[in-house]
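Enquirer: Single-letter residue listing:
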Amino acid sequence: MFPTPVERRSNAVQTTYKALLPLALILWLMPLLMVALFSIKPDSDFTQGNLWGWPSSFVGFENYTRVFTDSAMPRYLLNSVFITVPTVIGAVALSCMTGFALGVYRFRSNIWIFFMFVAGNFVPFQILMVPVRDLTLNLGLYDTRLGLVLFHIAFQTGFCTLFMRNFIRALPRELIEAARVEGVSEIRIFWYVVLPLMRPAIAALSVLIFTFIWNDYFWAVVLTQGVETQPVTAGITAFNSQFRAAYHMMSAGSIIAALPPVMMFFLMQKHFIAGLTLGAVK
Amino acid sequence: MSVTTETDQRGWWRRNQMRAAPWLFLAPGIAFFALYVIFPIFQSFQISLYRWDGLGEARYIGMRNYHELLDDPAFYTSLRNNVKWLLLYLLAIPGGLFIALFLNQQVRGIRLYKSLFFFPFVISQVVVGLVFAWFYNPSIGLFNPLIGLFGLGPMNVLGNPNTVTYGIIAAGLWPQIAYCMILYLTGLNAVDPEQVEAARLDGAKGWRMLWYVILPQLRPATFIAVVVTVIGALRSFDMISVMTNGGPFGSSRVLAYYMFEVSLSEYGFRMGYGAAIAVVLFLIMLVYIAFFLWRMWREERGY
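In the order they appear, the protein sequences are chains A and B.
Letter by letter, the first sequence follows residues 45 to 326 of this note's numbering.
Letter by letter, the second sequence follows residues 17 to 319 of this note's numbering.
The shape of chain B in the complex, shown without the other chains (with noise of 0.2 Å):
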């Protein structure tokens, strides 16, 4: 009896193994992502429609935490300096693009350039904060020193409300820029020799030659620098709080950063508010979101 339920089992897999396997395979991944990722995004809009403390009961109030942060100096801070982040962090792309194109040689050495220029990226932002707010320091960073001898400064870059959030860029920009040097050091070296060479005999050169034969090969790099500068710019969080916790007075906040003070910190548990804003956040992602799954889509229709 047993023996036929095996083979009956045994057969059922055979005749259905090739519904059932991806399945099969795609379970756990699913799980653990819906459990971790998916819900939550969903239970995080539920939650901005509550008053909750993260322990006791929540009180639905409707949309009144969309109506207070409408009336949020605070809120408006972070979202202005959310568009410094975003517009200048783009500058990491042409930043890349120079520098691999500086590095784009065969002398010898030429790959430890490479790497150590790289290197930026692989150490955490964490460290990367914490070493350019010693830079920066009035006391004892390399920073006035340096712009002193362009005549400029001495000045306290984290100090002051005006500067510190471009400070802040600017460490940012270092780990992004070397992140896109490589994107773009490894499309170089996909660019069709031939073609280069068909337009050198055609006079082609320089700048011309960049724009019209170079940076065309470089589409698909460029469009993954785009991705990942637009994501980087949008994430800004580690820097902001190692380096300055927001301050001063509040002036380096950005969403994300605010988002996690108004949930998670001395100024109170306030769960649903703090959700509201990351729906905000979540919202602006969300356009870059779907710009990135509609491309993939048209590739993949072409597959």
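In isolation and in its complexed conformation, chain A is listed as follows (with noise of 0.2 Å):
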């Protein structure tokens, strides 16, 4: 292990490194948590110069409550659900397919459409915003969820395909050639031979698309607008302007609209690290 851990060193040594711990953490989160402070402070705290200091009275409670009462974050959190999760399923449909196409079958233009997948999904969101922002409006669905729902399935195809080929790869072939000799049909191999085994790649795919998804802005501003479609990321501008300078709710606002992604990868997270570091050892 490296560096040397710290149960061969002195005495002085660990218990140094177990202080520096969570000061480094708090260091580390200070902006956070200087944000978490403001949420659960009165509005007068604020008035009188109270910042950083003891809140005067605990409002925590009454804050949060607020932001879901006083305001149309309600919504705008079920629109983000209603964005997220059919992307979700999508992309990871259609890249179970593109994946075991690209991961099990031999065949010439394979790598160039793999590689199709792959630079696209690198390409900046800039150079798509005019024509897909046009294709949305010519279908009818801009400020639709659908529509944010098939730009957003398409583009993660790419990112995904490249996880899923990856994956399937690593899987036995024997398994799947075992299959052919006993003449299962293809499709039937990728339902009840493959499919089976990508269960783990599956749910660490959700779960950083299901972060992906939520947390983008950039696509929410272009083809959405107003109350009835806009996930969180986009209505949390519209709640700061409803609160203008009421720090406490703003700051009560944004942690909840960015909590749903903190408690998935809190849930899952090993599927998501598992996600995330794919390729980074090897």
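FYI, nobody ran anything at the bench for these hints, they're computed from the structure.
Think of the CB as a built atom: it goes at the ideal place given N, C-alpha and C, for glycine as much as any other residue.
Don't take every hint at face value.
Label-pair restraints from in silico Cβ distances [unchecked claim]:
| hint | chain 1 | residue 1 | chain 2 | residue 2 | range |
| --- | --- | --- | --- | --- | --- |
| 1 | B | Ala214 | A | Gln58 | 19 to 29 Å |
| 2 | A | Arg217 | B | Ala50 | 49 to 59 Å |
| 3 | A | Glu106 | B | Arg96 | 45 to 55 Å |
| 4 | A | Glu51 | B | Ala214 | 49 to 59 Å |
| 5 | B | Leu231 | A | Glu218 | 31 to 41 Å |
| 6 | A | Glu221 | B | Arg235 | 32 to 42 Å |
| 7 | B | Val99 | A | Glu51 | 23 to 33 Å |
| 8 | A | Thr59 | B | Leu165 | 19 to 29 Å |
| 9 | A | Ala68 | B | Arg314 | 38 to 48 Å |
| 10 | A | Leu219 | B | Gly284 | 44 to 54 Å |
| 11 | B | Asp208 | A | Thr109 | 49 to 59 Å |
Result set (BS3-like, lysine-lysine): computed pairs, CA atoms no more than 30 Å apart in a straight line [unchecked claim]:
| hint | chain 1 | residue 1 | chain 2 | residue 2 |
| --- | --- | --- | --- | --- |
| 12 | A | Lys314 | B | Lys130 |
| 13 | A | Lys62 | B | Lys221 |
| 14 | B | Lys100 | A | Lys62 |
| 15 | A | Lys62 | A | Lys314 |
| 16 | B | Lys130 | B | Lys221 |
Heads up, incomplete: computed chain A residues facing chain B, CB under 8 Å, no partners named [unchecked claim]:
| hint | residue |
| --- | --- |
| 17 | Leu76 |
| 18 | Phe166 |
| 19 | Val167 |
| 20 | Thr255 |
Mind docking these for me? Both chains are given alone in their own frames, and the hints should help you get the complex.
Expert: Laid out in structure tokens, this is it:
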């Protein structure tokens, strides 16, 4: 192991290390802790200049409740769910198939199609913006959640295909060969042999895509407008102009907007990190 | 009659399924991807040769959008800021490595520490932007009191054209460092302990150990860290939009943001001009995409 494990070092080093850990963490999360502190303070603390001190009263519960009762936040959150969940299902379903095709079969254009997906996944959004907006307008899907979902599915298919294909490549080929010898059709091989083995990849990818899409801001601004359709990343700006200069409310709102992916991460940590670090070793 | 056709069809599928199956599985994915990603790239190239407000008639004007770019001071500001982003964002890599080395221990509770260090990456950039905007805010932020401890400031980071871009980049580095950290933590897990012990017996330690024994084994992690960091730097949009709207006086614009501003905001719907900016951004990115594909191709050949 590198660096040398602290257990093998002197007591003094061990104690210092254990003391440094929480300190470093507090420093690292300082901006976030500040916002968390703001979110449980009453308005009067800000007017009286008690910014970082002990809250004069703990009104966290009231502040967070107000986010839900006095603003369009629940609507935005719901929109985010209705945009994110279908995208995850769609992109994962499509890429299970593309990944299977590119990972299992050998044919001449295989690598080029694969490269098309990989390259497309890296392009700057701006090169797509004008045509995609125009296409969505022409389909009559501008300012609908469906319009946003369709684009997200298509774009995420690039990354998901890269992910799935590499995962399937690493599966034992003998299983597929054995099924073929038995005369099992290719579609059944996909459904009954390969798909069950892909479960960890599907889990990892779902968590990852959930986070990516939930946190998307650019496409939300380009393809939607207004309370009916916009996800919470775009809605938070409207929320902030509603509570202009009410820092306790804006802080509470931001924390709520950020929370779902954070919860997803802590619940599915293993899958999340497995997905994110695919390729970091090898 | 109908029975025979059915067996015929099944027979065709039987005989050709090895060749037909991949295309069957690829069809929906390729169709979606082509429609929403591949064609639009070419369309943007085409639109960049037109003057178009997004609604009315598009008028062909050849390279005039690009000529205009060459005389546009806002374009140069954006380009300069993009270079700053690219260079400074790379600091996320040593930063992430440093934290990964710090956390690569096995004391109690270390797993929780690793998660908590990572979690800025999970938060949306919009919220990170808001959080840092308040952090820098001269009247309520913690930034000025903090630098005050070192006898500096006070300063209005986001209100000053000379500091604003650095302030946003610093905010952007926060989640990016977390990302690189997790890549390196995974990489460090896979470092061969025998090699480390052998090197230790040979008297290697500290920096020399890191440089000659550990870093070579972390090459895959470093590669991915560079790729995601460069792409992240060129994609920077959310934070600029949330923290400054490109201001003050357009001094924190980058190409990605300027393009959006030109095509979809009060500056008028100049789709053609916006597409031209997007093309420039795309060409810059293409260098990295080509490099990535080339490396991947080399690896695939050895497969």
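Enquirer: If a hint holds in the structure, say so; if it doesn't, say that too.
Expert: Checked hints:
no. : hint                             : in the structure
1   : Ala214/B to Gln58/A: 19 to 29 Å  : holds (25 Å)
2   : Arg217/A to Ala50/B: 49 to 59 Å  : violated (29 Å)
3   : Glu106/A to Arg96/B: 45 to 55 Å  : holds (47 Å)
4   : Glu51/A to Ala214/B: 49 to 59 Å  : violated (20 Å)
5   : Leu231/B to Glu218/A: 31 to 41 Å : holds (37 Å)
6   : Glu221/A to Arg235/B: 32 to 42 Å : holds (33 Å)
7   : Val99/B to Glu51/A: 23 to 33 Å   : violated (45 Å)
8   : Thr59/A to Leu165/B: 19 to 29 Å  : holds (26 Å)
9   : Ala68/A to Arg314/B: 38 to 48 Å  : holds (39 Å)
10  : Leu219/A to Gly284/B: 44 to 54 Å : violated (59 Å)
11  : Asp208/B to Thr109/A: 49 to 59 Å : holds (54 Å)
12  : Lys314/A to Lys130/B             : holds (12 Å)
13  : Lys62/A to Lys221/B              : holds (22 Å)
14  : Lys100/B to Lys62/A              : violated (37 Å)
15  : Lys62/A to Lys314/A              : holds (25 Å)
16  : Lys130/B to Lys221/B             : holds (24 Å)
17  : Leu76                            : holds (6 Å)
18  : Phe166                           : holds (5 Å)
19  : Val167                           : holds (6 Å)
20  : Thr255                           : holds (6 Å)
Of the numbered hints stated above, those contradicted by the structure are hints 2, 4, 7, 10 and 14, listed in ascending order.
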